[in-house]
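> Here the protein sequences come in this chain order: B and E. All residue numbers for the first sequence refer to this note's numbering, where the first residue is 1 and numbers rise by one. All residue numbers for the second sequence refer to this note's numbering, where the first residue is 268 and numbers rise by one.
All clues stand as given, with none of them false.
Sample of chain B residues facing chain E (criterion: CB under 7 Å; computed from the structure):
{"id": "1", "residue": "51"}
{"id": "2", "residue": "87"}
{"id": "3", "residue": "91"}
{"id": "4", "residue": "105"}
{"id": "5", "residue": "188"}
{"id": "6", "residue": "202"}
{"id": "7", "residue": "206"}
{"id": "8", "residue": "209"}
{"id": "9", "residue": "224"}
Over the 10 Å line for every Cβ pair with chain E, so calculated as not near, a few chain B residues:
{"id": "10", "residue": "119"}
{"id": "11", "residue": "168"}
{"id": "12", "residue": "241"}
{"id": "13", "residue": "251"}
Below, in silico cross-link-like pairs of lysine-lysine (DSS-like), each with a Cα-Cα straight-line distance of 25 Å or less:
{"id": "14", "chain 1": "B", "residue 1": "145", "chain 2": "B", "residue 2": "156"}
{"id": "15", "chain 1": "E", "residue 1": "757", "chain 2": "B", "residue 2": "71"}
{"id": "16", "chain 1": "B", "residue 1": "145", "chain 2": "B", "residue 2": "256"}
{"id": "17", "chain 1": "E", "residue 1": "606", "chain 2": "E", "residue 2": "688"}
{"id": "18", "chain 1": "E", "residue 1": "751", "chain 2": "E", "residue 2": "688"}
{"id": "19", "chain 1": "B", "residue 1": "258", "chain 2": "B", "residue 2": "169"}
{"id": "20", "chain 1": "E", "residue 1": "758", "chain 2": "B", "residue 2": "71"}
{"id": "21", "chain 1": "B", "residue 1": "107", "chain 2": "B", "residue 2": "217"}
{"id": "22", "chain 1": "E", "residue 1": "758", "chain 2": "E", "residue 2": "688"}
{"id": "23", "chain 1": "E", "residue 1": "606", "chain 2": "B", "residue 2": "71"}
{"id": "24", "chain 1": "E", "residue 1": "688", "chain 2": "B", "residue 2": "71"}
{"id": "25", "chain 1": "B", "residue 1": "217", "chain 2": "B", "residue 2": "178"}
Hints were generated in silico from the structure; no laboratory data involved. We treat Cβ as the ideally placed atom computed from N, Cα and C, and that holds for glycine.
Each chain, letter by letter, is given below.
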Amino acid sequence: MFSIKNLVLFIATMSVFSLAQAGWMDLNMTQGVTDISHEVFNLHMLILWVCVVIGVLVFGAMFWSILMHRKSRGVIPATFHESTSLEFLWTIVPFVILIGMAIPATKTLIKMYDHSDSEIHIKITGYQWLWQYEYLNTDVSFYSKLSTPYNEIYNKKEKNINYLQQVDKHLIVPVNTKIRFLLTSNDVLHAWWVPDLALKKDAIPGYINEMSVVINKPGIYRGRCAELCGRHHGFMPIVIEAVEEKEYEEWLAASKVKMSGVAKINK
Amino acid sequence: MSTVVKDTHHDEHPSGIMRWITTTNHKDIGTLYLWFAMIMFFIGGLMALVIRSELFQPGLQFVDPQFFNSMTTMHALVMIFGVVMPAFTGLANWMIPIMVGGPDMALPRMNNWSFWIMPFAFSMLLSTLWMDGGAPAGGWTLYPPLSLQTGDAFPFLIFAIHFMGLSSIMGAINIVATILNMRAPGMSLMKMPLFVWTWLITAFLLIAVMPVLAGGVTMLLTDKFFGTSFFNAAGGGDPVMFQHIFWFFGHPEVYILILPSFGVVSAIIPTFARKPLFGYSSMVYATASIAFLSFIVWAHHMFTVGMPLAGEVFFMFATMLIAVPTGVKVFNWVTTMWKGSMTFETPMLFAIGFIIMFTIGGFSGLMLAITPADFQYHDTYFVVAHFHYVLVPGSIFAIMAACYYWLPKWTGNMYPETLGKTHFWLSTFFVNLTFFPMHFVGLAGMPRRIPDYSLQFADYNMIASVGAFGFGFAQLIFLYLIIKTIKGGKKATDEVWEGAEGLEWTLSSPPPYHSFSTPPVIK
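For reference, chain E alone in the conformation it holds in the complex (with noise of 0.2 Å):
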């Protein structure tokens, strides 16, 4: 399909640290956005402990309440700001480029920058668990005017919104200009693979959004210290302005985490599938729909606030319209299964664990929307079940298929298949054993965010507790199973996967450091 011109003289580049500071190159910084989230992984999944620690039994064992009300806040932000996002920019940064024939990023200088901008944000952020008053502990939607309570920390919080919320727009901006500028010839929109296009939905999304947060976390700064009034109702505010403000950010942001899933989804199905992937076109048209729902559904978040009766049936409607072009895509992945000749290496297995798990979570979305029955699943753990199946074994999931995908084709050696399968079976088991009977103490009345409850919901917090450090351990394998990759094993091929379709795999494994200096040929 095409001639890999082996260019070396651009292969120059400072060694050591310089190397991954001064770096502009596509790869490197895919790179290092996907440790940075590796790590951030790990010290959410520490947090996550804390809290399934204290909750292992009835009454206060380990930290004190306030301690534990930060580690719910603290754990939603890192796994959201400083895993998915930045894992699912890390994999953009190292296939989107390929994927279109291009040679690197757009726009190589800003993407160093936005990358590096993480890691700061992150020291400011973390800093704050060692601050008079604590973490912020008003939870990661940060409802006035409990969040205004936050002690020292707050302001902390505020520029660490804001440093992500750069870093995401600046890589979003890039990921649209690479897309709509570095595509090889004969590359037209509608040939791209569906993971560049559900990026480059992604991207629209995220450069939409992201400001409406930074406006919102900047009232909630200047409520604090400049004596505004935006969400102070002794003041003439209206807290609830905010949610609104948040939930239009916040809705979109859930689909900037999913959407890039379903891109990995896309692509590794027909590959072990030996099959193409069905309904290319109506996938294409499936997640255009669902980030134009994305906008209009925001208050199903809110539906206990006491708005007036058209709102909730108008949001009710337009939730449940989000399971049409959802269930297509469902349907389209079933369909690339059928009749195909499929075998079931790590990243398959990944991939059907996601289709499976996310479509659970997507069920329990569709029951969600129900506004009476919302009324009683509101902030229960039926809620945490819900939003932990499309994020743990949904997105998490999509992740580490995308990495079992491509890591052979990044380090150019295989990992150990048994291994890998291994990390897939006990993350399984685990991540069920964790959020499936969080379904039932959330029908059964327990409250989320709690660090105590009432004693008929012990045996199912006690599972839970047992399957969340099951699956933290099990993690561990993921870790030391990509050192080892990188370390050596046996050499890939250039194709890798028997039925792999795509320009990735035309290129040598690992790829060279600049990715096609000579423009493909697109048949």
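Here chain B stands alone, though its shape is the one from the complex (with noise of 0.2 Å):
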């Protein structure tokens, strides 16, 4: 009976996890393509096995008390009702296990925090409900704003793969070099999320928040403003291309010349 019931359960839980795996990849935090998201990665998994084996043993404990301890099959209660090595020992173990959890976590924490030696700096401005982009030292800057038709988003028309994750000009960066990014807000309170560079920060007016990033892989990685923002918060996404540095170094040169008729034409 004993072992019968035991098996059932590991058979059952396995079967969970099994299918969690198979279609994890939808279900489950991006690994990014920087050094720093794939270690954000791994601390979301190991805090979440974490969880999962505490959540196991505890609801396995009470799911087996529910079980065996109930009055229909005549149980007589026990009267004990404290202990306190007990209550000693369920103190201090959890308390270890977040020890263990919060040295891994600090130490991706200070990368995060480490902007030393970045080669290329854009300014983000975010605005009710489009962001600026402004490659410093450079002329370069422009807006990138929601490309997608209202036809779409009114049901009028059949929505495209990208729906609201598409922007009229795509902020391009190089890969392998870091890039610091300057951000800030010129109205309410927005936040810059790509999830694939495991990248979110507040824009506020009047501060200036700094974030940095090494992307490994060249791609269109996509986000979205992750802060309330009114009206229009959903539809002012995020969209950044990381292309070769030579690639980046041709783009940006074209985008001067184009900037600086612009600068002329305006003076």
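Starting from two chains that each stand alone, build the complex the way the hints lay out.
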């Protein structure tokens, strides 16, 4: 009886896990494309498994008790109601586990706060409801806003695959280069978030926030505004395109020419 | 244990509506609070269903994004200030004088006032739905500068919050005064039921933080109308300061919403396990530790505002520490059940459901404490899943457990057990169907407070919406069951539950209008 129940429980638990494993990518946090984003993903998985193990133990004991210690089975209730050593034990053990979690988390956090040796500096300004990107020390600067047509939002046309995560102008950056973002806002709070880069920070009027990243893989990465900023909060996505260094230099040179032309006209 | 003297001439009171308006009786006021919470629960629930309807599919179908933002804002304000807080105050009013062996609350007239402020506060808040510029849409956290873009509704919002705060502070003072002064001889502090203990600590939290919120929103008011620049960067102010003030209130507030639940569950589990609560004194100390820690973790709501590294690290460590006393509580409950002789009437089902699902919410809370990972979780549906797990199958389930547990005592009638169990199983199924998928869309990258989303989030949002409607309709059973039980049913005995301990079970069901005119003898 005892072993069969355990076996059933074991199989049920394992099948849940394997099921979860199968569709993992759709359900889980992205691993991202930077060293730090991998570390963040690993921290996430570590704490998740710690929680799962504790959960299995605690809920296991509880369900065992629910199954076995019921009045309908004629159980006479025990009368014990305190134990200092038990209380001590289940204060100390979680504490030790927490220290085990805090150490790697702090290490990663310290890396995330290191913005030294950045080669490219880009200022991001949040507006209701678009983003402005300025490549500091160059003339290159532009706005980037949602390009999903209204017909799609109001269900008059079929939605394209990048519905609500496409913009008119991508933020172009090089791979394998440390990029520092300076973040502020022109009106209300916004937050600039690209999950694949594990970057999220609030854009706050009057503040300049800092974050930095080294992208390992070329590609297009999509993100969103993550701080409620009014009516179109859901409609100011971020698209960042990481390209090879050479391609980036060419793009920057071409953009400089274009921008200086704009500047002349404005004069 | 005690003799109940029916002192009938004290039972005289006006009848009809005047009874309820002029009442100073703790049971009447408790009932008023609970019914008020019930009405607000359905109003707030309707708002949730507007949200879930719009999110059923990608695209804008039913409401304007601005109205959608109003719904998320108002849903939160109504559920927090209009449902969970009044429901717990109602339970406190009903049970605390009885549990400590007193005749009534210490300050009965103030008790009347603190309830009757609430309908006015909420009429004012809900009236903003029909104002120019719409109801507040800047989120219940009222972060400036966005909240300062609110239209005509703004001063109504601020004064409604002031009124709610007044009501809470008066209620809290009354509870502290009652617990410290109205205990029967021999009822020492460490003999009090845990529900009384958790409420005592909650009341101190309320007195400590509601004025902080009042101060914060008053500064918003003067920023908007009187030209100050507390939070206006262009005038030399600081928008982040509001967040610090708000969360210095807001984090203790979330424990205000959960500590009384701990008390309820600590009453119910021993009753149906027929075994005394394990580790009574460590439960008291754990509650006090949680209350203390709640004051030094507020900035974990603000990990992304760009605090210095030392600040992030401190708030991460302090937040993780909360897992220790919370864990102690869960371990104690499980050990109370261990080797008991359990039966599973509806209150026990809700209490067990509470422990499991609150713990799931606790786990996601622990994950959120890890600052680097929080950068990915922050302001996504993962957070929405987290706090709904601790608030819905957490606080709300505890309130329902308490209602089932004490309803026979309050009304003198047993509720229909099968219907109660049906309510539990439907609620549990649908609450998980609603909120569990939110973990996944959050991790996949869906921000909170958006009326429309990209296509990869569609499946789980549809499931969550189905769950929300199921959960909403399941609550009609609860309403029906309560009305039915009030009207009649099998007569309840004085003890009601076989394993129940405590002074409330020594009184008749329903109890006399004034609980203990002669103090009971405490062993």
